[in-house]
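Here is what each chain is made of, one letter per residue.
Number of protein chains: 2
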Amino acid sequence: MRLSKYFIPTIKENPSEAQIVSHRLMLRAGMIRQSSAGIYIWLPMGLLVLNKIAQIVREEQNRAGAIEVLMPTIQPAELWQQSGRYDAYGKEMLRITDRHDREMLYGPTNEEMITDLFKNAVKSYKDLPLSLYHIQWKFRDEVRPRFGIMRGREFLMKDNYSFDLNFESAKASYNVMYVAYLRTFARLGLVAIPVRADAGAIGGDLSHEFQILADTGESTLYYDKAIESFDLSSLIGDIDEQTLAKLQSFYAMEEEKHDADNCPVAPADLKTAKGIEVGHIFYFGTKYSEAMGAKVTGPDGKEVFVEMGSYGIGVSRLVGALIEANHDENGIIWPEAVAPYKVGLINLRFKDESCTAACDDLYQEMQKLNIDVLYDDRDAGAGSKFADMDLIGLPWQVVVGPKGLEKGVYELKNRRSGERVELSRAELLDKLG
Amino acid sequence: MRLSKYFIPTIKENPSEAQIVSHRLMLRAGMIRQSSAGIYIWLPMGLLVLNKIAQIVREEQNRAGAIEVLMPTIQPAELWQQSGRYDAYGKEMLRITDRHDREMLYGPTNEEMITDLFKNAVKSYKDLPLSLYHIQWKFRDEVRPRFGIMRGREFLMKDNYSFDLNFESAKASYNVMYVAYLRTFARLGLVAIPVRADAGAIGGDLSHEFQILADTGESTLYYDKAIESFDLSSLIGDIDEQTLAKLQSFYAMEEEKHDADNCPVAPADLKTAKGIEVGHIFYFGTKYSEAMGAKVTGPDGKEVFVEMGSYGIGVSRLVGALIEANHDENGIIWPEAVAPYKVGLINLRFKDESCTAACDDLYQEMQKLNIDVLYDDRDAGAGSKFADMDLIGLPWQVVVGPKGLEKGVYELKNRRSGERVELSRAELLDKLG
Numbered sequence: 001m002r003l004s005k006y007f008i009p010t011i012k013e014n015p016s017e018a019q020i021v022s023h024r025l026m027l028r029a030g031m032i033r034q035s036s037a038g039i040y041i042w043l044p045m046g047l048l049v050l051n052k053i054a055q056i057v058r059e060e061q062n063r064a065g066a067i068e069v070l071m072p073t074i075q076p077a078e079l080w081q082q083s084g085r086y087d088a089y090g091k092e093m094l095r096i097t098d099r100h101d102r103e104m105l106y107g108p109t110n111e112e113m114i115t116d117l118f119k120n121a122v123k124s125y126k127d128l129p130l131s132l133y134h135i136q137w138k139f140r141d142e143v144r145p146r147f148g149i150m151r152g153r154e155f156l157m158k159d160n161y162s163f164d165l166n167f168e169s170a171k172a173s174y175n176v177m178y179v180a181y182l183r184t185f186a187r188l189g190l191v192a193i194p195v196r197a198d199a200g201a202i203g204g205d206l207s208h209e210f211q212i213l214a215d216t217g218e219s220t221l222y223y224d225k226a227i228e229s230f231d232l233s234s235l236i237g238d239i240d241e242q243t244l245a246k247l248q249s250f251y252a253m254e255e256e257k258h259d260a261d262n263c264p265v266a267p268a269d270l271k272t273a274k275g276i277e278v279g280h281i282f283y284f285g286t287k288y289s290e291a292m293g294a295k296v297t298g299p300d301g302k303e304v305f306v307e308m309g310s311y312g313i314g315v316s317r318l319v320g321a322l323i324e325a326n327h328d329e330n331g332i333i334w335p336e337a338v339a340p341y342k343v344g345l346i347n348l349r350f351k352d353e354s355c356t357a358a359c360d361d362l363y364q365e366m367q368k369l370n371i372d373v374l375y376d377d378r379d380a381g382a383g384s385k386f387a388d389m390d391l392i393g394l395p396w397q398v399v400v401g402p403k404g405l406e407k408g409v410y411e412l413k414n415r416r417s418g419e420r421v422e423l424s425r426a427e428l429l430d431k432l433g
Numbered sequence: 001m002r003l004s005k006y007f008i009p010t011i012k013e014n015p016s017e018a019q020i021v022s023h024r025l026m027l028r029a030g031m032i033r034q035s036s037a038g039i040y041i042w043l044p045m046g047l048l049v050l051n052k053i054a055q056i057v058r059e060e061q062n063r064a065g066a067i068e069v070l071m072p073t074i075q076p077a078e079l080w081q082q083s084g085r086y087d088a089y090g091k092e093m094l095r096i097t098d099r100h101d102r103e104m105l106y107g108p109t110n111e112e113m114i115t116d117l118f119k120n121a122v123k124s125y126k127d128l129p130l131s132l133y134h135i136q137w138k139f140r141d142e143v144r145p146r147f148g149i150m151r152g153r154e155f156l157m158k159d160n161y162s163f164d165l166n167f168e169s170a171k172a173s174y175n176v177m178y179v180a181y182l183r184t185f186a187r188l189g190l191v192a193i194p195v196r197a198d199a200g201a202i203g204g205d206l207s208h209e210f211q212i213l214a215d216t217g218e219s220t221l222y223y224d225k226a227i228e229s230f231d232l233s234s235l236i237g238d239i240d241e242q243t244l245a246k247l248q249s250f251y252a253m254e255e256e257k258h259d260a261d262n263c264p265v266a267p268a269d270l271k272t273a274k275g276i277e278v279g280h281i282f283y284f285g286t287k288y289s290e291a292m293g294a295k296v297t298g299p300d301g302k303e304v305f306v307e308m309g310s311y312g313i314g315v316s317r318l319v320g321a322l323i324e325a326n327h328d329e330n331g332i333i334w335p336e337a338v339a340p341y342k343v344g345l346i347n348l349r350f351k352d353e354s355c356t357a358a359c360d361d362l363y364q365e366m367q368k369l370n371i372d373v374l375y376d377d378r379d380a381g382a383g384s385k386f387a388d389m390d391l392i393g394l395p396w397q398v399v400v401g402p403k404g405l406e407k408g409v410y411e412l413k414n415r416r417s418g419e420r421v422e423l424s425r426a427e428l429l430d431k432l433g
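In order, the protein sequence lines correspond to chains Y and E.
Here this note's numbering is used: the first residue of the first sequence is 1, the next is one more, and so on.
Here this note's numbering is used: the first residue of the second sequence is 1, the next is one more, and so on.
Any given hint might turn out to be false.
Derived lysine-lysine pairs resembling DSS-like cross-links, with alpha carbons at most 25 Å apart [unchecked claim]:
no.: 1; chain 1: E; residue 1: Lys119; chain 2: Y; residue 2: Lys5
no.: 2; chain 1: E; residue 1: Lys52; chain 2: E; residue 2: Lys368
no.: 3; chain 1: E; residue 1: Lys403; chain 2: Y; residue 2: Lys119
no.: 4; chain 1: E; residue 1: Lys12; chain 2: Y; residue 2: Lys295
no.: 5; chain 1: Y; residue 1: Lys123; chain 2: E; residue 2: Lys351
no.: 6; chain 1: Y; residue 1: Lys413; chain 2: Y; residue 2: Lys351
no.: 7; chain 1: Y; residue 1: Lys12; chain 2: E; residue 2: Lys5
no.: 8; chain 1: E; residue 1: Lys52; chain 2: Y; residue 2: Lys138
no.: 9; chain 1: E; residue 1: Lys52; chain 2: Y; residue 2: Lys52
no.: 10; chain 1: E; residue 1: Lys123; chain 2: Y; residue 2: Lys12
no.: 11; chain 1: Y; residue 1: Lys126; chain 2: E; residue 2: Lys302
no.: 12; chain 1: E; residue 1: Lys5; chain 2: Y; residue 2: Lys123
no.: 13; chain 1: E; residue 1: Lys302; chain 2: Y; residue 2: Lys5
no.: 14; chain 1: Y; residue 1: Lys138; chain 2: E; residue 2: Lys91
no.: 15; chain 1: Y; residue 1: Lys126; chain 2: E; residue 2: Lys5
no.: 16; chain 1: Y; residue 1: Lys119; chain 2: Y; residue 2: Lys138
no.: 17; chain 1: Y; residue 1: Lys351; chain 2: Y; residue 2: Lys403
no.: 18; chain 1: Y; residue 1: Lys5; chain 2: E; residue 2: Lys368
no.: 19; chain 1: Y; residue 1: Lys126; chain 2: E; residue 2: Lys12
no.: 20; chain 1: E; residue 1: Lys138; chain 2: Y; residue 2: Lys91
no.: 21; chain 1: Y; residue 1: Lys302; chain 2: E; residue 2: Lys5
no.: 22; chain 1: E; residue 1: Lys295; chain 2: Y; residue 2: Lys138
no.: 23; chain 1: Y; residue 1: Lys119; chain 2: E; residue 2: Lys12
no.: 24; chain 1: Y; residue 1: Lys12; chain 2: E; residue 2: Lys119
no.: 25; chain 1: E; residue 1: Lys5; chain 2: Y; residue 2: Lys171
no.: 26; chain 1: Y; residue 1: Lys274; chain 2: Y; residue 2: Lys257
no.: 27; chain 1: E; residue 1: Lys123; chain 2: Y; residue 2: Lys5
no.: 28; chain 1: Y; residue 1: Lys5; chain 2: E; residue 2: Lys351
Covered stretches of chain Y, going by a simulated chain E footprint (3 or more residues, C-beta under 8 Å) [stated by the list, open to error]:
no.: 29; region: 97-110
no.: 30; region: 138-145
Note that these hints are calculated values from the structure, not bench results.
For each residue, glycine too, the CB sits at the ideal point set by N, CA and C.
Based on the sequences and whatever the hints tell you, model everything.
See below:
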């Protein structure tokens, strides 16, 4: 993509309304613009990252055997009256009345709707286990939306619902998602700590929040430092029961639940850090299936209420969380898996014909080789081009100027390490291809 | 995908609430389920088609130089008060009040929001022409939602907005979209008739509706039959001014505007047919830029209001329109470009070990060759498998049974023509690969 034909409205000054770094950088890098409180427009660079994250989430859901559907954003109040949550949900639910005075709402989550769908479509244990997910915009009418898309009102979430015949099978479904989540976050280049969450009396220990570490996190975590050194790359392959059990045995708690006197981890092995919640999984048994009458016929011919679990990932929140975990004083540093483009090509001397010709040639060659490149071909100064490229944070920068061209070399800069090397055209294409 | 692990809740009986064939078939083929009036859940097979259509629309928008963004579904009332449409829009607008008593709405379209975005981000003619689009859910609170997703309340639309310095440039932008639309519909396997629409005094003839032909269409068209024989494949490549001029000179009018006595087409060359509107493009000049103060500095240093056009495609509506145009008495007949899977593999004798082994082997081989296959591995009778496969309408069916296996052949059926051939394993894979 040529920057001169693109739409990245970067901002030089720090926006006064942004309190945290991801919000500041997303505004400055032209990724988002606020439309109203807690509601954002995703500009091209923001949307590319959002879509890449969603695609990784999708691939790991599919790999785990979950099936993608798409539920609507607007739900009928009746469903929530059946579950008893219509009154209980409070002011965070955006309530709507349509032209026929029917009560509707903008879905903050989908347990009711999916249970209703299941009830009408599935009748037999033979169709279980079943796991359905969707990636859809949700709305929570936060009283004080803040931190940009990290705590917005309209947000993109992957939510998944499992249906099983009995507890044993539901627990297996839970564990499949537990592993899928660790895989997902590992592919995003994040260290996600699975923190025991309270599932109430029903689920016992079958509830985890996944928190990524960042100084601006809202919760304080205490965890066994062995979690960090656990080989995440092993999760990308298949996982065995033993590894799973080991993973789930690691201690990790939020401050409120951490009891220093009775902690099973020795003080020397205990770490504390701030965390941002990016996912939550929990088993809730027959809570919704009983309330809404979702039954299946078991092998013995008798009807039983289906066992359920639900599993969420904050897809739009992850964009901010990734920036909180990957930035420096000059801007964003994208992990390659979610970078909007892999390479930024900087033409230092727009008005120098041979420099522009060399850039154009390199740009075309990169496109031929499917190297995902953003070409800064604008009529602008070198300083502003460097600053913008650091700000938007592509993993690699290729700098083309008259001096290098005289020597027949191009400068390649690694955005994360800052390391710069001079390479010939062939070496450069080989390195990036 | 194995059908035994999938979620396609087909229905044998015709649903009584469905008045038109696409609605009936989408419900019966397990593509959608109604959640409330005019609001649908997209089940896996429906979502696959919806996404394939959206992707073709996206590719043609990108090819035409449009840039993808994503605007939120919920908009502040203030924007619509600025344009004067907040009161004018009437009851089709879903109006919402948030917890702080702020007036909001679920966007039925995005002229106001995009003009506001443009106004705050673009200041100079140097950044023009600019064309921004998004593919997002919209809501129109129809008084009588009907025809399934064809006239639903929550629907997916691609809408695009062009910004130009002057009329000449705006007209060029309009024509780029005109061609992009014909390309898009051609890739979807549809004949779309561009019908002159009324753009009011501003745009002159710069407004077209794109209508596809189907007996269940809501409008009646009169058009020069030469349109149908126009070589659509030529649109897939580049288009020259002359071809464009020829295309736009073809006569096509809705019944209300057609004047038989003054029609430029000879009666023998005039055809009439029912049409379904799937797209609409129009130039509207400075209507919104003046109302909302969107100006750019021109080459002479003077500020001018930006010239705009808008361009919509009904993405979810196209799913229904495609079925209206592609079905028979047994079910849907998907064009290959949007089919949820290319091939349906039918195991006739689930309980016959060698038959199941042959199917499993073929399924694995097809996956290796990236042949997009849905494998009916269910424990069900041949009759119901044939009926379901015809109903869901994949372009190719591979039938594997003991008799064929004895002869070493597989039956390949073309869903559209009904033609059946017996092929060896190698011939089959070669044909489908």
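Hint check results:
For the suggested pair Lys119/E and Lys5/Y, the alpha carbons sit about 18 Å apart, so the restraint of at most 25 Å is met. For the proposed pair Lys52/E and Lys368/E, the alpha carbon gap of about 22 Å is at most 25 Å, so the pair holds. A distance of roughly 40 Å separates the Cα atoms of Lys403/E and Lys119/Y; the hinted pair therefore is violated under the 25 Å criterion. A distance of roughly 22 Å separates the Cα atoms of Lys12/E and Lys295/Y; the hinted pair therefore holds under the 25 Å criterion.
For the hint linking Lys123/Y to Lys351/E, the alpha-carbon distance of about 23 Å falls within 25 Å, and the restraint holds. For the hint pairing Lys413/Y with Lys351/Y, the CA-to-CA distance comes to about 23 Å; that is within 25 Å, so the pair holds. For the suggested pair Lys12/Y and Lys5/E, the alpha carbons sit about 52 Å apart, so the restraint of at most 25 Å is broken. For the hint linking Lys52/E to Lys138/Y, the alpha-carbon distance of about 23 Å falls within 25 Å, and the restraint holds.
With a CA separation close to 17 Å, the supplied pair Lys52/E and Lys52/Y stays within the 25 Å bound. Proximity of Lys123/E to Lys12/Y is assessed by CA-CA distance (about 16 Å); at most 25 Å being required, the pair is judged to hold. As the CA atoms of Lys126/Y and Lys302/E are separated by approximately 72 Å, the hinted pair breaks the 25 Å bound. Proposed proximity of Lys5/E and Lys123/Y is supported: the alpha carbons are some 15 Å apart, at most 25 Å.
A distance of roughly 23 Å separates the Cα atoms of Lys302/E and Lys5/Y; the hinted pair therefore holds under the 25 Å criterion. Taken as a hint, the Lys138/Y and Lys91/E pair is honoured in the structure, with Cα atoms around 24 Å apart against an allowance of 25 Å. Restraint check for Lys126/Y and Lys5/E: the C-alpha separation of about 10 Å stays at or below 25 Å, so the hint holds. For the hint pairing Lys119/Y with Lys138/Y, the CA-to-CA distance comes to about 23 Å; that is within 25 Å, so the pair holds.
A hinted pair counts as satisfied when its Cα atoms are at most 25 Å apart, and Lys351/Y with Lys403/Y qualifies at roughly 15 Å. A hinted pair counts as satisfied when its Cα atoms are at most 25 Å apart, and Lys5/Y with Lys368/E does not qualify at roughly 39 Å. The suggested pairing of Lys126/Y with Lys12/E holds, with an alpha-carbon distance near 19 Å, which does not exceed 25 Å. Among the hinted pairs, Lys138/E with Lys91/Y is consistent with the structure: their alpha-carbon atoms are about 24 Å apart, no more than 25 Å.
For a cut-off of 25 Å, the pair hint linking Lys302/Y to Lys5/E stands: about 23 Å separates their Cα positions. Of the supplied pair hints, the one linking Lys295/E and Lys138/Y is violated, its CA atoms being roughly 34 Å apart against a limit of 25 Å. Between the alpha carbons of Lys119/Y and Lys12/E the distance comes to roughly 18 Å, so the proposed pair stays at or under 25 Å and holds. Among the hinted pairs, Lys12/Y with Lys119/E is consistent with the structure: their alpha-carbon atoms are about 18 Å apart, no more than 25 Å.
Taken as a hint, the Lys5/E and Lys171/Y pair is honoured in the structure, with Cα atoms around 19 Å apart against an allowance of 25 Å. For the proposed pair Lys274/Y and Lys257/Y, the alpha carbon gap of about 15 Å is at most 25 Å, so the pair holds. Under the criterion of a C-alpha separation no larger than 25 Å, the hint pairing Lys123/E with Lys5/Y is consistent with the structure, at around 15 Å. For the suggested pair Lys5/Y and Lys351/E, the alpha carbons sit about 60 Å apart, so the restraint of at most 25 Å is broken.
Chain E is given as covering the region 97-110 of chain Y, and this holds because 5 residues of the stretch bring a CB closer than 8 Å to a CB of that chain, at least three being needed. Using a Cβ-Cβ cut-off of 8 Å, 3 residues of the region 138-145 of chain Y lie near chain E, which meets the minimum of three, so the contact claim holds.
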